[in-house]
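**Student:** These protein sequence lines map, in sequence, to chains A and B.
Under this note's numbering, think of the first position of the first sequence as 1, with each following residue one higher.
Under this note's numbering, think of the first position of the second sequence as 469, with each following residue one higher.
Any given hint could be a false lead.
A few chain A positions that, by computed beta-carbon distances, are all more than 10 Å from chain B [stated by the list, open to error]:
(1) Gly140
(2) Val227
(3) Gly463
From the structure, some residues in chain B lie toward chain A, with a derived Cβ separation under 7 Å [unchecked claim]:
(4) Val479
(5) Gly482
(6) Leu485
(7) Ala486
(8) Glu493
(9) Arg532
(10) Arg534
(11) Asp550
(12) Pro568
(13) Pro571
(14) Leu605
(15) Tyr649
(16) Leu650
(17) Val680
(18) Gly682
Derived by calculation from the structure, the hints in this document are not laboratory data.
In this text, a Cβ means the ideal position worked out from N, Cα and C, and glycines have one as well.
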Amino acid sequence: MIGRRWRGGLRPRLLAAFVAVTALGATAAAWSSAGSASTALVESSQRRLVETVTSQITAVAPGLTYPPGQDALELLRAAVSPNGVVTYGGLRSADGPDLITDSLRNAVRTGGRLVSQRIEAEGRPWLLIGTPVMITAVDGARAPSGIEVYVARDLTAVDDEINGMARNAGLTAGLALPLAVLLALLAASSVLRPVRRLRDTARRLAAGDLRARSRPRGSDELADLTVTINEMAASVQSSMTAMRRMQADAKRFAADVSHELRTPLSTLTAVVEVLSMSADRMEPDARESAQLAITETQRLVTLVEDLMEVSRFDAGTAELRVEDVNVTTAVRQCLRARSWLGRVELVAPDEVAARLDRRRLDVVVANLVGNALRHGAPPVRVIVSASGVEVRIEVVDSGPGIVEHVLPHVFDRFYKADAARARTPGSGLGLAIAMENARLHGGDLTVSNRESGGARFVLRLPGEAGRR
Amino acid sequence: MILLVEDDPLVRRGLELALSRLGHEVGTAPTGEEGVEAFRSSRPDLVVLDLMLPGIDGFEVCRRIRAVSETPVIMLTARGDDFDVVSGLAAGADDYVVKPAKPTVLDARIRAVLRRTSGTGEEVRAHGDLRIDTTGLTVSLRDEQVSLTPTELRLLLTLTRAPGRVFSREQLLQEVWEHDYLGDSRLVDNCVQRLRAKIETDAAAPRYVQTVRGFGYRFGPL
């Protein structure tokens with residue numbers, strides 16, 4: 001995480017950009033100024049040397065005799081420069097460094113004018129100047145006298161000066177770098193602080209705190225973005241509030257309706273039994289009507305009770321009443337109470353001890369087995385097992401199984417797989433309630449089709465539902 | 469005679485019809501105040517009491533009845549309203565039936581409670597300072613009469629039938645309350661508490677009705 005932030009974060013990127021720009025700028029400035037300065041220095045020192053040499057030659061040359069002898073060459077050399085060489089054909093002045101290159105000599109000889117050259121010799125930079133000494137004939141024409149003067153000037157001092165300038169430029173760049181880093185950090189934090197605030201706000205929004213807002217500062221693009229995000233959050237908040245209110249209204253409505261239905265149902269439940277007790281003495285049509293009234297009343301009671309149970313789950317008021325339960329016994333009692341023991345095969349160890357809500361366990365098992373008996377085909381089996389901290393109850397039948405596209409909706413409220421199943425004794429809430437009960441225990445309920453045919457419901461409950 | 473206290477006139481009439489049909493003599497009252505008044509004047513064998521009543525509610529009615537008599541009370545409560553059940557039992561109710569109540573279920577509970585008052589024994593048992601006359605159905609502690617509700621008495625009789633034997637809550641529910649396997653174990657716990665309050669010297673360290681953690685209750689050993 002940290003590594004990724006360093007590679008991809010805004011701060012390091014800004015920092016790198018600032019440093020790069022500063023370094024490049026400083027280098028370029030130093031390089032170009034050092035280049036032009038060194039050119040100027042070299043040129044001025046060359047000009048000075050040329051002027052000196054030329055003026056000395058001009059001063060000495062008229063006094064020379066032709067052809068000059070060794071003495072004349074020495075004289076000329078002494079006049080021009082201690083670092084000079086004067087040649088005339090095969091003659092050559094005695095002292096002085098012999099740095100003169102052949103190329104320079106050739107250029108002077110063929111060009112007949114002053115030539116300069118820079119060379120490296122003895123580990124030092126040198127400026128070489130070579131010039132022929134011209135004589136003016138009687139008719140005024142100038143011609144080379146055959147005497148050539150070569151002078152070498154040590155450029156070490158000039159080079160040192162140039163190097164010093166480059167060092168200064170580097171030093172300046174070096175001083176500018178920390179400054180650049182500081183500026184980069186400042187710039188980064190001025191951009192990053194609002195970005196971070198926005199990020200924090202977005203996180204709080206995502207976590208469900210719809211009141212989270214950022215205060216826009218200034219009038220830049222980030223402030224615009226902040227305002228936009230605030231507007232978005234406000235709009236999300238208002239639609240969420242409206243939706244929640246509608247949802248709560250709908251849930252309360254369901255709870256209220258079921259509650260209101262319970263009073264007339266109490267009367268109905270009471271009187272249909274009076275009817276049923278008197279049914280023997282009724283006309284056949286009245287008896288059948290009474291029977292229908294009794295059946296439908298019971299259905300209504302189941303539906304209303306299931307609706308109220310679902311409402312309690314929705315309202316979060318469903319309570320778990322945990323006690324020590326032998327799951328095997330509880331399942332057997334559940335089956336016996338509904339006279340299912342003859343139709344269901346129970347595979348279970350003698351004792352599976354757990355702490356859970358007995359009534360809720362009964363509701364779930366009754367629902368799953370009831371479903372298997374109604375929609376599946378025999379044999380229906382209930383398999384109880386315990387593994388470690390988990391109790392597992394599996395209900396399988398041998399019917400056609402559940403159609404693939406229906407599987408994901410099996411636990412939906414009032415979901416009817418097809419019209420043919422629309423009229424069953426169930427309320428359409430049974431499996432939804434079973435699922436809620438499993439979850440209330442901290443367990444779960446899943447459905448799948450067996451390869452050999454038939455549906456398989458698996459209920460998993462923690463052995464200690466009370467302690468989570 | 470059974471006194472039915474229920475505020476909704478149609479539910480009251482429906483239950484009255486059904487209970488009469490099932491062979492009970494039924495008196496009715498529409499409010500808590502009238503219920504208490506009817507109880508004083510008619511001295512019913514049992515009270516069927518709706519908890520949600522205008523004026524003084526069912527809990528208060530139950531407390532006022534308990535203050536003067538040990539007459540059994542069966543509450544009518546909404547399913548899942550655990551608060552109602554707990555408060556009702558604390559107020560001294562013997563049993564409860566979830567609304568909408570099936571008359572046959574209510575009838576079975578009524579008969580089970582009333583059966584508790586009819587003695588079956590023929591002897592006087594003595595356990596420490598406790599003397600239980602199983603014929604006259606009276607209990608005395610250090611020669612002083614203790615008045616128990618029929619349910620408390622039947623619980624005590626069941627436990628003392630086999631002193632030292634552990635009864636699970638489920639067993640007690642089936643034997644004392646005649647409930648099916650899904651009986652509410654809070655009925656047992658509540659009744660044990662009330663019984664202890666009447667016969668134990670220190671209800672926090674009971675001598676007669678002892679708790680066996682994780683299993684249930686037993687009488688003694690003394």
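**Student:** None of the hints should be skipped; say for each whether it holds.
**Tutor:** Evaluated hints:
| no. | hint | verdict |
| --- | --- | --- |
| 1 | Gly140 | holds, 135 Å |
| 2 | Val227 | holds, 49 Å |
| 3 | Gly463 | holds, 14 Å |
| 4 | Val479 | holds, 4 Å |
| 5 | Gly482 | holds, 3 Å |
| 6 | Leu485 | holds, 5 Å |
| 7 | Ala486 | holds, 5 Å |
| 8 | Glu493 | violated, 16 Å |
| 9 | Arg532 | violated, 24 Å |
| 10 | Arg534 | violated, 25 Å |
| 11 | Asp550 | holds, 6 Å |
| 12 | Pro568 | holds, 4 Å |
| 13 | Pro571 | holds, 5 Å |
| 14 | Leu605 | violated, 32 Å |
| 15 | Tyr649 | holds, 4 Å |
| 16 | Leu650 | holds, 6 Å |
| 17 | Val680 | violated, 12 Å |
| 18 | Gly682 | holds, 6 Å |
When held up to the earlier numbered hints, the structure conflicts with 8, 9, 10, 14, 17 and fits the remainder.
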